[in-house]
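Asker: Line order of the protein sequences matches chains A and B. For the record, in the first sequence the residue sitting at position 84 is 189 according to my numbering, with numbers rising by one throughout. For the record, in the second sequence the residue sitting at position 128 is 233 according to my numbering, with numbers rising by one throughout.
Hints listed in this document are in silico derivations from the structure and should not be mistaken for laboratory results. Honestly, I wouldn't trust all of these hints.
Note: identical chains are not told apart, hence a pair may lie in one copy or across any two.
To be verified - Subject to a maximum C-alpha distance of 20 Å in a straight line, what follows is the list of computed SDA-like cross-link-like pairs (lysine to any residue):
1) Lys-107 with Trp-221
2) Lys-107 with Thr-176
3) Lys-164 with Gly-141
4) Lys-107 with Glu-203
5) Lys-122 with Thr-252
6) Lys-186 with Asp-166
7) Lys-164 with Lys-192
8) Lys-107 with Asp-200
9) Lys-107 with Trp-198
10) Lys-107 with Asn-199
11) Lys-122 with Asp-213
12) Lys-179 with Trp-114
13) Lys-107 with Arg-205
Each chain, letter by letter, is given below.
Protein chains: 2
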Amino acid sequence: MKMMFHYNWAVRDDWYKWCEGVNEEELLASRTGGVGGILQTLFHIIDVEWSWIRLLQGKDDFQENFELYNTLDKVIELDAKFKAEVKEFVLAWNDEMENRILQLPQSDGSTVTFTWGEIMRHTLAHEIHHIGQISVWAREIGIQPVTANFIGRGLFQNEKV
Amino acid sequence: MKMMFHYNWAVRDDWYKWCEGVNEEELLASRTGGVGGILQTLFHIIDVEWSWIRLLQGKDDFQENFELYNTLDKVIELDAKFKAEVKEFVLAWNDEMENRILQLPQSDGSTVTFTWGEIMRHTLAHEIHHIGQISVWAREIGIQPVTANFIGRGLFQNEKV
Numbered sequence: 106m107k108m109m110f111h112y113n114w115a116v117r118d119d120w121y122k123w124c125e126g127v128n129e130e131e132l133l134a135s136r137t138g139g140v141g142g143i144l145q146t147l148f149h150i151i152d153v154e155w156s157w158i159r160l161l162q163g164k165d166d167f168q169e170n171f172e173l174y175n176t177l178d179k180v181i182e183l184d185a186k187f188k189a190e191v192k193e194f195v196l197a198w199n200d201e202m203e204n205r206i207l208q209l210p211q212s213d214g215s216t217v218t219f220t221w222g223e224i225m226r227h228t229l230a231h232e233i234h235h236i237g238q239i240s241v242w243a244r245e246i247g248i249q250p251v252t253a254n255f256i257g258r259g260l261f262q263n264e265k266v
Numbered sequence: 106m107k108m109m110f111h112y113n114w115a116v117r118d119d120w121y122k123w124c125e126g127v128n129e130e131e132l133l134a135s136r137t138g139g140v141g142g143i144l145q146t147l148f149h150i151i152d153v154e155w156s157w158i159r160l161l162q163g164k165d166d167f168q169e170n171f172e173l174y175n176t177l178d179k180v181i182e183l184d185a186k187f188k189a190e191v192k193e194f195v196l197a198w199n200d201e202m203e204n205r206i207l208q209l210p211q212s213d214g215s216t217v218t219f220t221w222g223e224i225m226r227h228t229l230a231h232e233i234h235h236i237g238q239i240s241v242w243a244r245e246i247g248i249q250p251v252t253a254n255f256i257g258r259g260l261f262q263n264e265k266v
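Chain A on its own, in the form it takes in the complex (with noise of 0.2 Å):
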């Protein structure tokens, strides 16, 4: 588990370069898919992970607006942000959080219930699915994409994931 969030992270350190090198019109160019575009689709997927992370814990969450946020340094400035709160939760996480509940109420009164585990992998899967998009979107503008190898990232430890 943790190892995976540890792959999400770093593939997003490497996103953040690459954006360094190309023009912020590219970056916030309205684009088919995702979410709004490059830099758009980057602050989603931080956005949602902070989210997850603070309703497991039962804190607030409020809904960024990415207008405040439309520029490279500015994502790169909300991510370390809320990675600190984010990070400090992973690397505590162990075996017996796994089937805690988390009960979510919806717009129809109703409450949705699901397991802890079962949001920290949907927080993964949800990050490498939304940089999949970004990288065909660098493709179409002509730039390599950052590599979504796992292996050959120095990632693994020893420590079980």
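Got chain A sorted already, so can you dock chain B onto it with the hints?
Answerer: Positioned in the frame of chain A, the structure of chain B alone reads:
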């Protein structure tokens, strides 16, 4: 771990259903990013998953040729064949296997070393990434893609993943 494989298999099945409603020309059309196009990327996903599992088992891999599997039916058939083998391995997975070593000889005579746990996560991320790419292409041809949600699939059954 197991649950993420179940997720990937379920998403793949959803995409096969999705493909049934799309004409073959679109499925085979060459696209930017990913591997060739929609059907070839699905073929690539199942080939790569199977190939890594084969390598972990010390069995021969062989390069599948998409030209021999370039219809939806053939891809689904290949998936069923490969998945039987993959599933047997994945369902028998246990923590003790995490740190087993896979040594891969390189073309320059050197050897690269991975843990089995690393390879399994690489395989998982590989599929999710490519599915993200396919989802952009789906939007580009104007058809709603399969959801990438992990939650809401009833995957979590108190099984450690």
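Asker: Each hint should be assessed against the structure and marked as holding or not.
Answerer: Verification of the supplied hints:
no. : hint                 : in the structure
1   : Lys-107 with Trp-221 : both (14 Å within a copy, 16 Å between copies)
2   : Lys-107 with Thr-176 : neither (29 Å within a copy, 39 Å between copies)
3   : Lys-164 with Gly-141 : neither (27 Å within a copy, 44 Å between copies)
4   : Lys-107 with Glu-203 : both (13 Å within a copy, 14 Å between copies)
5   : Lys-122 with Thr-252 : within (12 Å within a copy, 29 Å between copies)
6   : Lys-186 with Asp-166 : within (14 Å within a copy, 45 Å between copies)
7   : Lys-164 with Lys-192 : within (15 Å within a copy, 39 Å between copies)
8   : Lys-107 with Asp-200 : both (11 Å within a copy, 15 Å between copies)
9   : Lys-107 with Trp-198 : both (8 Å within a copy, 18 Å between copies)
10  : Lys-107 with Asn-199 : both (9 Å within a copy, 17 Å between copies)
11  : Lys-122 with Asp-213 : neither (43 Å within a copy, 30 Å between copies)
12  : Lys-179 with Trp-114 : within (17 Å within a copy, 37 Å between copies)
13  : Lys-107 with Arg-205 : both (17 Å within a copy, 19 Å between copies)
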